[in-house]
Amino acid sequence: MTEILDILLSANFWAAALRIATPLIFGVIGALICERAGVLNLGIEGIFTAGAMAGWMAVWLGAGLWGGVFVAACAGALFGLIHAILTVPLGLSQHVSGIGVTLFATSLSYFIYRTALPDVSSPPRIDAFQPLDIPVLSELPFIGPALFQQTPLTFLALFLVVATAYVLYRTPLGLAIRAVGDNPSAVESQGLSVYAIRIGTVVAGSAIMALGGAFLTMSAFDAFFFGMVNGRGWICIALTVFASWRPGKALIGALLFGAFDAFQVRLQTEVGSFIPGQVFLMMPYLLSIAALIVVARRADYPRALLVPYFRGQR
Amino acid sequence: MIRFEPRGPVPVSRVLLVSVAAAVAALLLAAIPMAFAGLSVFGAYGLMVKGAFGSMFAFTEMLTRATPLILTGLAAAVAFRAKLWNIGAEGQLYAGALAAVAVGTGVFGGPSLFLIPLVILAGALAGGLVMLGPTLLKTRLGVDEVVTTLLLNFIILLFVQMMLEGPMKDPMGMGWPQSEPILDEAALPKLMARMRIHWGLIIALVASLGVYFLLKRTVWGFEIRAVGENAAAARHSGIPVTATFVRVGLISGALAGLAGVGEVAGLKGYLTADLSPGFGYSGIVVAMLAGLSPVGVIIAALFIASIFVGADSMSRATGVSNYLADLMVAMSLLCVLVAGLFLRFKIRFVGAPSAKETAK
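So the sequence lines, in the order shown, correspond to chains U and X. Heads up: the first sequence at position 100 corresponds to 100 in my numbering, and the numbers run straight through without jumps. Heads up: the second sequence at position 118 corresponds to 118 in my numbering, and the numbers run straight through without jumps.
To be clear, the hints were calculated from the coordinates, so they are not data collected in a lab. It should be emphasised that the depicted structure is a prediction, and the values quoted were computed from it without experimental measurement. Watch out, some of these pointers could steer you wrong.
What the hints assert, rightly or not - Simulated DEER-style distance windows between Cβ atoms: (1) X/Trp220 - U/Tyr166: 31 to 39 Å; (2) X/Leu132 - U/Pro135: 51 to 59 Å; (3) U/Thr2 - X/Pro171: 35 to 43 Å; (4) X/Pro171 - U/Asp300: 35 to 43 Å; (5) X/Val107 - U/Ala63: 29 to 37 Å; (6) X/Gly106 - U/Leu286: 30 to 38 Å; (7) U/Phe226 - X/Gly210: 31 to 39 Å; (8) X/Phe342 - U/Gly227: 33 to 41 Å.
Where a beta carbon is used, it is the ideal one built from N, C-alpha and C, also for glycine.
Isolated chain U (complex conformation) (with noise of 0.2 Å):
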């Protein structure tokens, strides 16, 4: 028992678990966004590993840091432009599209990162982003290692969770979001058009899990590799349910998962392996179908998600 306080009291554990919820930040509030105006964007988990690529590919060939994470934010708008086009004006099932758009960004990723480098046996690295010293806030007991000496990424991912809150619950643009997801006959005959609004907010929050993408190989690595997003994306879509489309609460979520991913990890170190390491590797996923039956009750979905809406027809 003795140990497992000790994990849990280390700042080192907590800046860990904030460390690895942050691309599921990135990744739960891009999922948030387009799930609040009706579209369900199974394309998450490509848009991540283009992210990845794209941000890392940025950099590797000699833009700044920054220039590559805007280079993986427009990887990720563009991804989601397709599927905003296939599930919005073409109201093509939003499952399978989502799908096409997983396997098409995932294989143009590889296979880009493959023609660029053909015969690489170990990826080439960058220079990442380094965990910023904040002058007096890192130097705060505890506190200050555990949340202030994060990379620039991980504060951009906590800054648009208040962001996207703000803009969600207090602005016309928010409301406009909202009522797309819920109502969106009421939002046409107000003269909005449902089409614009949805697009440009699947556009967007594919650009912001683009980012949670971009934070993989930026950050908490410094190289592409096969297979890094490993099931991230999908955890988000069901972290998406369980935040209940809230994004203070995705930011719970996220945390969650960051420290008990972070606890497995020293668990496993500490306690030695009696226990095969892959029970520790399913449990974020037996946690999240965990998740999705406490909540799928009261689960309070928008209403119009997964429903295509056709202009003059009801």
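Put chain X on the given structure of chain U with help from the hints.
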């Protein structure tokens, strides 16, 4: 301005035409990444055709590759018919393979007449049982099956890795995480000498006809289609919707499980964690290209398999990454989605009302 006008029932010939058009469009689009990689497009396609059809060996390799794709394609097609979004064929495939290895590597002895059906049954059952969980969660608690089936893919693959490094590891495997080999009596026989093509293909073809018969000629099939068209209306007219979803889930999972059986008991002979290069996900493309028709699945699987086998061979000859094949398959899915619009709608290009008309 583009307007969509819904169509009535669609003739089969139009479904076929649209799928072929989508496949051609995908092949044309794939010329862009090919050119980007510095290939001559005609040369590359020539190499691909040769790689998939150029010799008896190439052709049988293509059929071998198509075998699991027919089964995972059927798994997706039958589930999608009921609007049960089973995205978990990959995991169900591994579950089927694991079960096949569990009963086929020496726990039970006996003649082929006993062992082969046992292996097949175990694999189908395991795949079906995996799908039972998400289906029940959907029908009882309203948990979205897309997410649960997807997450199960990861869980099952990790479970397979755990078994292969633990209880089911082959002690003679030189330390590699792989299962013991399937007994000769439990293995699916080869169809031709010195080729890898095996009886799994026959199983896949029979399964296609079986699903066709189920959907077209049975009460269950009628119920499946009715639930897919409108679950609320089906419930209203007295169709047991929950039971239908459970049946569809079991059938879909079992078909994907059979794909796993074919790969271990027919092809590889033992189980490794890299048994499937994404057959479950490619199955979704196969099903969509086939317009969810069980017989169309065979043709679509042959198309996808020839892309994979052809691109592998082209990749070996030119040194261009074989991720090109995955890219072409993904493009096929997107193209068939767009092409599907022509099935459901008449598309009219309508000029915006001009000022003169508005004035009238």
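Here is how each hint holds up against the structure:
Roughly 52 Å separates the CB atoms of X/Trp220 and U/Tyr166, a value that falls outside the hinted 31 to 39 Å. Evaluation of the 51 to 59 Å hint for X/Leu132 and U/Pro135 yields a pass: the beta carbon distance comes to about 58 Å. Look at U/Thr2 against X/Pro171: about 39 Å separates their beta carbons, and that is inside 35 to 43 Å. The beta-carbon spacing between X/Pro171 and U/Asp300, approximately 54 Å, falls outside the hinted interval of 35 to 43 Å.
For X/Val107 and U/Ala63, the hinted distance range of 29 to 37 Å is not satisfied, since their beta carbons lie about 58 Å from each other. About 31 Å separates the C-beta atoms of X/Gly106 and U/Leu286, a value consistent with the hinted range of 30 to 38 Å. At roughly 37 Å, the beta-carbon separation of U/Phe226 and X/Gly210 lies within the given 31 to 39 Å, and the hint holds. For X/Phe342 and U/Gly227, the hinted distance range of 33 to 41 Å is satisfied, since their beta carbons lie about 36 Å from each other.
The structure shown violates the earlier hints numbered 1, 4, 5.
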